[in-house]
Amino acid sequence: MSIGHTLLGLLESGPRHGYDLKRTFDEKFGHDRPLHYGQVYSTMSRLLKNGLVEVDGVESGGGPERKRYAITDAGITDVATWLAQPEKPEPYLQSTLYTKVVLAMLTGRNAGDVLDAQRSEHLRLMRILTDRKRRGDLADQLICDHALFHLEADLRWLELTAARLGQLQKVVTA
Amino acid sequence: MTPAGSLLAAHDLRKTYGSTPALDGASFSVHPGEVVAVMGPSGSGKSTLLHCLAGIITPDSGTITYDGRKLSAMSDAERSALRRSDFGFVFQFGQLVPELTCVENVALPLRLNGTRRKDAERTARTWMERLEVEDIASKRPGEVSGGQGQRVAVARALAGSPKVIFADEPTGALDSLNGERVMQLLTEAARSANVAVVLVTHEARVAAYSDRDVTVRDGRARDLEHAA
Numbered sequence: 000m001s002i003g004h005t006l007l008g009l010l011e012s013g014p015r016h017g018y019d020l021k022r023t024f025d026e027k028f029g030h031d032r033p034l035h036y037g038q039v040y041s042t043m044s045r046l047l048k049n050g051l052v053e054v055d056g057v058e059s060g061g062g063p064e065r066k067r068y069a070i071t072d073a074g075i076t077d078v079a080t081w082l083a084q085p086e087k088p089e090p091y092l093q094s095t096l097y098t099k100v101v102l103a104m105l106t107g108r109n110a111g112d113v114l115d116a117q118r119s120e121h122l123r124l125m126r127i128l129t130d131r132k133r134r135g136d137l138a139d140q141l142i143c144d145h146a147l148f149h150l151e152a153d154l155r156w157l158e159l160t161a162a163r164l165g166q167l168q169k170v171v172t173a
Numbered sequence: 000m001t002p003a004g005s006l007l008a009a010h011d012l013r014k015t016y017g018s019t020p021a022l023d024g025a026s027f028s029v030h031p032g033e034v035v036a037v038m039g040p041s042g043s044g045k046s047t048l049l050h051c052l053a054g055i056i057t058p059d060s061g062t063i064t065y066d067g068r069k070l071s072a073m074s075d076a077e078r079s080a081l082r083r084s085d086f087g088f089v090f091q092f093g094q095l096v097p098e099l100t101c102v103e104n105v106a107l108p109l110r111l112n113g114t115r116r117k118d119a120e121r122t123a124r125t126w127m128e129r130l131e132v133e134d135i136a137s138k139r140p141g142e143v144s145g146g147q148g149q150r151v152a153v154a155r156a157l158a159g160s161p162k163v164i165f166a167d168e169p170t171g172a173l174d175s176l177n178g179e180r181v182m183q184l185l186t187e188a189a190r191s192a193n194v195a196v197v198l199v200t201h202e203a204r205v206a207a208y209s210d211r212d213v214t215v216r217d218g219r220a221r222d223l224e225h226a227a
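For the protein sequence lines, the chains are B and A, in the order given.
For the first sequence, numbering that gives the first Met the number 0 assigns the number 0 to the initial residue and increments by one for each residue that follows.
For the second sequence, numbering that gives the first Met the number 0 assigns the number 0 to the initial residue and increments by one for each residue that follows.
It should be emphasised that the hints constitute simulated quantities derived from the structure, not laboratory data.
We put the CB at the ideal spot given by N, CA and C, even for glycine.
Don't take each hint at face value.
[To be verified] Not close to chain B: a few residues of chain A, all C-beta gaps over 12 Å, as computed:
{"no.": "1", "residue": "ASP11"}
{"no.": "2", "residue": "ALA36"}
{"no.": "3", "residue": "LYS69"}
{"no.": "4", "residue": "GLN183"}
{"no.": "5", "residue": "GLU187"}
{"no.": "6", "residue": "HIS201"}
{"no.": "7", "residue": "ASP212"}
[As the list claims (entries may be wrong)] SDA-like cross-link-like pairs, simulated, lysine to any residue; straight-line CA separation at most 20 Å:
{"no.": "8", "chain 1": "B", "residue 1": "LYS132", "chain 2": "A", "residue 2": "PRO40"}
{"no.": "9", "chain 1": "B", "residue 1": "LYS48", "chain 2": "B", "residue 2": "ARG67"}
{"no.": "10", "chain 1": "B", "residue 1": "LYS132", "chain 2": "A", "residue 2": "ASP118"}
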C-alpha cells in the first residue's frame with residue numbers, strides 16, 4: 000500500500016496535523032498494522048519536499064512545534080492519478096485496493112471506476128496467460144492455470160466489492 | 000454512434016419488464032471475427048442484451064444495426080430469416096433435439112436453409128471433426144456427456160456459416176476442464192472462420208478467451224470501445 004498517497008488522500012478533505020493523520024489512517028486502514036509516528040513524519044517530509052503538501056500553520060505550545068499540513072494542487076493530481084492507475088495484478092492486493100476504494104469515497108470520486116480499472120487490468124493479464132496456455136505444453140498450462148485461479152479469486156473479490164459499494168459508502172462516510 | 004467497421008452495434012438500448020428496467024441505456028459493438036465477452040452479475044441485463052442483439056426480443060428504444068441494416072426496420076419474418084442465415088446460437092444446456100442424432104443436430108441449420116441431407120451431413124461431419132466429436136455422430140444427445148453435447152452445439156452453431164455466434168453461458172453446466180476445451184475450440188474455430196462471437200458469461204476464466212470484454216451493471220453496458 001502507498002502510505003504517501005493514502006495520507007495525501009486523507010488531506011483532501013482539509014488540512015490536518017501529523018497526529019491527526021496517523022489517527023485517521025489507523026482507524027480507516029491500519030487495523031492490523033498501525034502507522035508509527037516516524038513513518039508519518041518521514042512521509043510528510045518527502046511529500047513536502049516534492050511539493051505535494053505545504054505547511055498550513057505551525058502551533059507551538061509547551062511541547063514541540065506541531066505542523067499542520069495541507070494538500071497542494073499537485074498533490075490532488077497525484078492522488079487522482081494513483082486512484083485511476085490499476086495495480087499490477089499480484090497476490091495480496093486487497094489491502095491496496097481496499098484503501099483506494101475507501102479513499103475514492105472519502106474524496107468524492109467514483110469508487111466503481113477504481114474497481115472497473117482494476118478488473119480490466121486483471122482480465123488483460125488473464126487473456127495473456129490464457130493465450131500462453133493455448134500455445135504451450137502441459138507444464139505451461141499448469142503454471143498458467145495456477146496464476147489464472149489466483150487472478151480469478153481477485154476478480155471475485157472485485158465483483159463482490161462492487162456489489163457492496165453502497166453499503167461501504169454508508170460505513171465510510173458515517 | 001456505430002463504431003467504424005463493426006458488424007453488429009447497439010446504441011442506447013432500453014428494455015423494461017413491467018416496472019423493472021432490464022436495460023437502461025446499453026451500448027455495444029462487435030467486429031467481424033472478434034470475440035467479445037459480456038460480463039456482469041446475475042440479473043444485470045446481460046442475457047437481455049444478448050437477446051436484443053440477436054433480434055429475439057425487441058428493445059423498447061435504442062437502435063441495433065447489423066451489417067448496415069437496422070433490426071427495428073425489419074419484419075419478424077425478416078429477423079427470423081436473418082437469425083437462420085447469419086446467426087448461430089450456443090446456450091448453457093446445448094438444447095439439442097433429443098430425437099435426432101448428433102450429426103443430424105449439427106446439420107439442422109443447413110437443412111433448414113434448404114441444403115440437401117447428404118451435403119448438410121458432410122459439412123456437419125467436418126465441423127464435428129474440428130470440435131473433436133466425430134466419433135459420436137450417430138449417437139443421440141441423451142447418450143453423450145455434457146461436454147460432448149456442448150461441442151455438438153458449438154459445431155451446430157458454426158455449421159450454418161454464421162457471421163455472428165451468440166453464446167449464453169456456454170460452459171455454465173460443464174466442469175473446468177471440459178469448459179476450457181469448449182472455449183478453446185469455439186474461439187479457435189470462430190476466429191479462423193472470421194465469425195464474431197458475443198459471449199455472455201459471469202466467469203472470468205471463460206471471458207479470458209475473448210479479445211475484449213463489456214461489463215453490464217444495472218442494465219448499463221460499459222463498452223470501452225463505445226466510450227472512446
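The hints, checked one at a time:
1. ASP11: holds, 20 Å
2. ALA36: violated, 8 Å
3. LYS69: holds, 30 Å
4. GLN183: violated, 6 Å
5. GLU187: violated, 8 Å
6. HIS201: violated, 8 Å
7. ASP212: The claim is violated: ASP212 (chain A) sits with its nearest Cβ about 6 Å from chain B, within 12 Å.
8. B:LYS132 <-> A:PRO40: violated, 27 Å
9. B:LYS48 <-> B:ARG67: Answer holds: LYS48 (chain B) to ARG67 (chain B) is near 15 Å, not above 20 Å.
10. B:LYS132 <-> A:ASP118: violated, 36 Å
Violation of the numbered hints given earlier is confined to hints 2, 4, 5, 6, 7, 8, 10; the remaining hints are satisfied by the structure.
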